[in-house]
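Chemist: Using the sequences provided together with the hints, build the complete structure.
Listed in order, the protein sequences are those of chains G, L and E. With the first letter of the first sequence counted as 1, position 272 gets the number 271 in numbering that gives the first Met the number 0; the numbers rise by one all the way through. With the first letter of the second sequence counted as 1, position 1 gets the number 0 in numbering that gives the first Met the number 0; the numbers rise by one all the way through. With the first letter of the third sequence counted as 1, position 162 gets the number 161 in numbering that gives the first Met the number 0; the numbers rise by one all the way through.
Hints listed in this document are in silico derivations from the structure and should not be mistaken for laboratory results. The hints are all genuine.
Computed list of lysine-lysine pairs in BS3-like fashion (alpha-carbon distance at most 30 Å, straight line): (1) E/LYS82 x L/LYS89; (2) E/LYS348 x G/LYS22; (3) E/LYS263 x L/LYS24; (4) E/LYS82 x G/LYS241; (5) G/LYS205 x E/LYS108; (6) E/LYS65 x L/LYS258; (7) E/LYS19 x E/LYS8; (8) L/LYS168 x L/LYS187; (9) G/LYS241 x G/LYS205; (10) L/LYS220 x G/LYS69; (11) E/LYS340 x E/LYS204; (12) G/LYS205 x E/LYS86; (13) E/LYS123 x E/LYS65; (14) E/LYS340 x G/LYS22; (15) L/LYS143 x L/LYS108; (16) E/LYS294 x E/LYS312; (17) E/LYS82 x L/LYS90; (18) G/LYS241 x G/LYS281; (19) E/LYS108 x L/LYS38; (20) E/LYS36 x G/LYS112; (21) G/LYS22 x G/LYS72; (22) L/LYS89 x L/LYS72; (23) E/LYS222 x L/LYS263; (24) G/LYS69 x G/LYS43.
Each chain, letter by letter, is given below.
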Amino acid sequence: MDTCIEKIRTICADLLAKGEVQKVIGFGEGSIPMASRPIAVTSKDDVEKLVFNATCGLNLANYVADAMPKEGKLAVVVKGCDSRNLVTHMVENQVSRDRLYIIGVPCTGMVDKRKIADLFEDEITEFTEEGDTITIVSPQKTETVSKQDVLRHNCQVCTHRNPVVYDVMAGEPVEEQSLDQPYADVDKIAEMDPEERWAHFQELTKNCIRCYACRNACPLCYCPTCFVDESAPQWVGKGQDKTDINTFHFLRAFHCAGRCTDCGACVEACPMGINVRDFTRKLNKDALELFGWEAGLDMEKRPPLDVYSPDDPDDFIK
Amino acid sequence: MENPYVPYPVRIDDIEVATEDKSLKTFTFVFQNPGDEEKFAYQAGQFAELSIPGVGEIPIGIASSPVEKGFVKFTVFRTGVVTSHLHNMKKGDIMGIRGPLGNWYPWEKLENKNVVIIGGGFAFTTLRSAIVYMLDPANRSRFKNIDVIYGARSPGMLLYRQELFDWEKRDDINMHITVDSTDDPDWKYHTGFVPQIVEKNAPVADEDTYAIVCGPPIMIKFTQPALTQLGYQDHQIFMSLENRMKCGIGMCGRCNIGKELVCKDGPVFTLEQINQTPKEY
Amino acid sequence: MKFITIDKKDWAGGIDKSRKTYQVFGPVQDENGCQIKPLPPDVYPLMDAGVTVMSPKSVLFPQTEKMLTATLDETREDHHVMKPVEKEDTPRVVLGIRPYDARAIQLVKLNFDNPDYQDPYWCKAYERTTFVGLAVTHPDPCDFSTSTGCGPFSEEGLDVLMADLDDRYLAKILTQKGEDWAGACGFDTEADAAESQALFDILRKEAEKNITASVDTDRLSEKSILDLHEAPFWDDVAFSCINCGTCTYVCPTCWCFDIQDETKHKTATRFRNWDSCMSPLFTHHASGHNPRGSKVQRVRQRFMHKLKYFVDKYDQGIMCVGCGRCVASCPVNIDIREVCKTMNNYESK
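Modeler: This is the structure:
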């Protein structure tokens, strides 16, 4: 995959030099192998700091509302999933279209950093990407893998790799995947009997430390006071009681229902690598099957749990 | 090893509505276990954690004075979960008090000095403790002139009203009671914001005069320049700060301002010390 | 100084013997990484793991801990009187704790055990825990412990320091507690002290050479708090931070906690939970006022506390032992080594 970085840098240098945008949010180089970090660039001389590669797994739409300059526009580098979160932000009035300059990047997926780390017994010291080939080095050995073999799961099942809204594209669109069973992981859990399913979720969250990295990395979670932080009344305990931990995860997933784009930032941010997508994907599937809805594809419509139609066939509310 | 998290059990002996809008109540507590009152021996300026089992704890300045025996008093503003619960409690209810915590007004420095006390709104609680302490016959001769400037939004919002008026009649203390405004034609005292009254009525500074200031941030913001104009140096001005607290004993780490912990290195600081800390309070 | 040799063939058996006396803790691997956990009867510590995701601070300072309890049943005479929760007092041993984590515990001790107040929960847990350290012979890339006052073979805070010599451990007994542990395991093969110390010194030098990461802290104490606080670089440092609690929870020297009351039926319990200065509510007053209401203020607070306030207050160096966990786990790759360099080199105009 052409990582589009040269084009991104040229576009940003141009925008900043002409004063068309005040600030660009993109990714910068990380300080350890396999890492990249969100950065803000305000001068054309700094665009060389921008990078774009298969480690850019976070969702920059998360930063847009807070980083908006007082005047002028904000440019942001977005992948397919991130662009859908921008649509949701706009529909939900978090940001307005005319303040954004969206640099779309067609994406062939981000790597699963834990999967790569698991190939080694010791720590990785180098990570290089050359087209579709990834070379990883540790003191004990060197591994060369194809990027497609180490993609994150959400990238493996992604059907929106091209940005859906943009002012400029930093590369040629890539082919969209079509999948037979995109929700095989959800079906597997749904097929478990209740006890098995309960055990699955207990096992999943057994190492959760309530750091809220998942919630804070998620662009959808922008409530001024999250439900777990409310004190009057206090809905959820703040300790390690298993009921409280599970309540946080289940309820957060419900708050994201019909809005989640499966960008995977939550799992990427989690210091424990907990696959919290097991909570959100079920609701994504339900939104698709019950409402024909996928988040972030339509600037004119609000998510299904946000709207009511008088013609709704369900009569429980009458 | 003593457990500093265990509160002394106390019984609510009296509840008085302290202000006309009922947002403040003064609670009188009596220690349940003999010996606890002695263990709780405190100085004017300190605070304690009022502890309600199952609800939580709140750090509140001690309003009663060390010279008042047999009980302790706190005036509490209803603003959150614990204070609301406390406001709904009744005489005879049991709860806990942890303390005394924090440092206190620097009585050693104030020996043989003139003391100017400036308070606003419901920050007057520990100042009451200080005044009662100083006016006590056993202590009065240790201090020279005492001036008090205390203001609230309206007469009904002044704390300890009757005591204020009684002190006003004494000749060993100069009271300057003020309200922001009032429709009461019989109001005998000042009208005007505390900083303005300070400007007009506070004694000019000399090396034997110290000021103790306690009030909402906005009052402090404007009182400080007034004191500076009267010649008060930063080391002559004492302030009692607040911050969100939990443990009150300098361990949970949340009440810091720079490297000072408000619960342990404070809450009383000189303006000189505060000027050397980041403005995160 | 006494040294003993522990043949690895005897290791598991020794641990099993010690289970009669101690509750055993050590590193174990699961799907989420390597953690220090209590070891059930047939589980043994993973002694060649690198740095664990979470630190052993949870052995003395659990993430959620009951402190006090009271009955709300008004028919009981002691209703609404809070009493300390009874804690079990089984001795504990933490196997395979790294020297940087042991130093971290000594730094945390400055907070929980001081002349004015002692936290009985932490202090009692500390007294009944034996720390059997494992020297770091293969430092992780993010390990910068030699810059923070310890190092791969540092003995501070340990009762025993072991070095892995492939087929055996060479263990230096540092305290009576360490001696007692070795006895409980039945490890009693003494090794020549002078030779062993010489070997330790060689291994230490080799390990220190393998530490590539470092920070400079020499000029932090001479700087003024206000200068650093008002410095212009904090906006850049804080930009990517998402204010989660990851850095504070994985950090072995972070000790901040919250106190919460919960009621169930007629019992009230007062807990303490780990809390993070990164949380927006950390300093939120009931009135709504928040001295650190913005993200940049909170990020600045964290680094100022670790690298400046602690330095000035305790004169023990920085509040960091160089374990590298925050660097490895931060979702947005904020690197404390970079911030330390920026702070150390900062010259105000």
